[in-house]
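**Q** With the hints as your guide, set chain B onto chain A.
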Amino acid sequence: ELKVEQNPLFLSMQEGKNYTIYCNYSTTSDRLYWYRQDPGKSLESLFVLLSNGAVKQEGRLMASLDTKARLSTLHITAAVHDLSATYFCAVGLEGSGSRLTFGEGTQLTVNP
Amino acid sequence: NAGVMQNPRHLVRRRGQEARLRCSPMKGHSHVYWYRQLPEEGLKFMVYLQKENIIDESGMPKERFSAEFPKEGPSILRIQQVVRGDSAAYFCASSTGTALGRELFFGEGSRLTVL
Chain A
2 ELKVEQNPLF
12 LSMQEGKNYT
22 IYCNYSTTSD
32 RLYWYRQDPG
42 KSLESLFVLL
52 SNGAVKQEGR
62 LMASLDTKAR
72 LSTLHITAAV
82 HDLSATYFCA
92 VGLEGSGSRL
102 TFGEGTQLTV
112 NP
Chain B
41 NAGVMQNPRH
51 LVRRRGQEAR
61 LRCSPMKGHS
71 HVYWYRQLPE
81 EGLKFMVYLQ
91 KENIIDESGM
101 PKERFSAEFP
111 KEGPSILRIQ
121 QVVRGDSAAY
131 FCASSTGTAL
141 GRELFFGEGS
151 RLTVL
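Sequence order for the protein chains is A and B. What the first sequence shows, in the numbering used here, is residues 2 to 113, in sequence order. What the second sequence shows, in the numbering used here, is residues 41 to 155, in sequence order.
In short, the hints are calculated from the structure, not lab data. There's no promise every hint is true.
[Stated by the list, open to error] With a straight-line Cα cutoff of 30 Å, these simulated DSBU-like cross-link-like pairs (lysine-lysine) come out: (1) B:K111 <-> A:K42; (2) B:K102 <-> A:K4; (3) B:K111 <-> B:K84; (4) A:K42 <-> B:K91; (5) B:K102 <-> B:K84; (6) A:K69 <-> B:K102; (7) A:K42 <-> A:K4; (8) A:K69 <-> A:K4; (9) A:K42 <-> A:K57; (10) A:K57 <-> B:K84; (11) B:K91 <-> A:K4.
[Unchecked claim] Each pair of labels, with its calculated beta carbon distance range: (12) A:Y23 <-> B:G68: 33 to 39 Å; (13) B:E143 <-> A:N25: 17 to 23 Å; (14) B:P110 <-> A:K69: 40 to 46 Å.
Ideal placement from N, C-alpha and C gives every residue a C-beta, glycine not left out.
Isolated chain A, as found in the complex (with noise of 0.2 Å):
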């Protein structure tokens, strides 16, 4: 059974800081997807990681792939307050369509 584990699960940061959310997961996988979720919303794709070695950047937001480690991580440079969020990342199998396993999601609060 594919397990993914994040940490931390909470994260309480000062604007202007640096921080990486770390994405473990148990079986080998094709994909990697990371999420953000704002109170009472839907799932927001923030990245999709295909390949050993992906590296993608939004802003202040960079996610990373080691599918050899079977770890992401999600960086955030310079904290603002808009960032603040619960992130997940899901990791999918291949053979199994889109379905998605999700880990516990990692609540980021932003403080000014």
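**A** Showing chain B alone in chain A's frame:
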């Protein structure tokens, strides 16, 4: 191009009643997934459907829960005889199902409260 549409957005039921949640996938998408999110938790897979077929229901509780995706109309997740533990947000997602289009697009969710 409208996104994934779910209704109702909020539903309140008393214990023992039935809840029906509807999901219309994005235009051109023939694959639908239902996920459940309990408070303060991640999303848990429930069921994967294509038109008129259930492909994977390994995440569905064995009793009281059922899902369908008819040839015409939205996908429906049905919960019979609801209990307080069914209170959660239920998200529907859709995809084209092709290798290139495997990204999931999520709806806004239906939040079920069981009194």
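**Q** For every hint, state whether the structure bears it out.
**A** Quick rundown of the hints versus the structure:
no.: 1; hint: B:K111 <-> A:K42; result: 29 Å, holds
no.: 2; hint: B:K102 <-> A:K4; result: 22 Å, holds
no.: 3; hint: B:K111 <-> B:K84; result: 26 Å, holds
no.: 4; hint: A:K42 <-> B:K91; result: 27 Å, holds
no.: 5; hint: B:K102 <-> B:K84; result: 15 Å, holds
no.: 6; hint: A:K69 <-> B:K102; result: 36 Å, violated
no.: 7; hint: A:K42 <-> A:K4; result: 25 Å, holds
no.: 8; hint: A:K69 <-> A:K4; result: 16 Å, holds
no.: 9; hint: A:K42 <-> A:K57; result: 24 Å, holds
no.: 10; hint: A:K57 <-> B:K84; result: 26 Å, holds
no.: 11; hint: B:K91 <-> A:K4; result: 29 Å, holds
no.: 12; hint: A:Y23 <-> B:G68: 33 to 39 Å; result: 35 Å, holds
no.: 13; hint: B:E143 <-> A:N25: 17 to 23 Å; result: 22 Å, holds
no.: 14; hint: B:P110 <-> A:K69: 40 to 46 Å; result: 44 Å, holds
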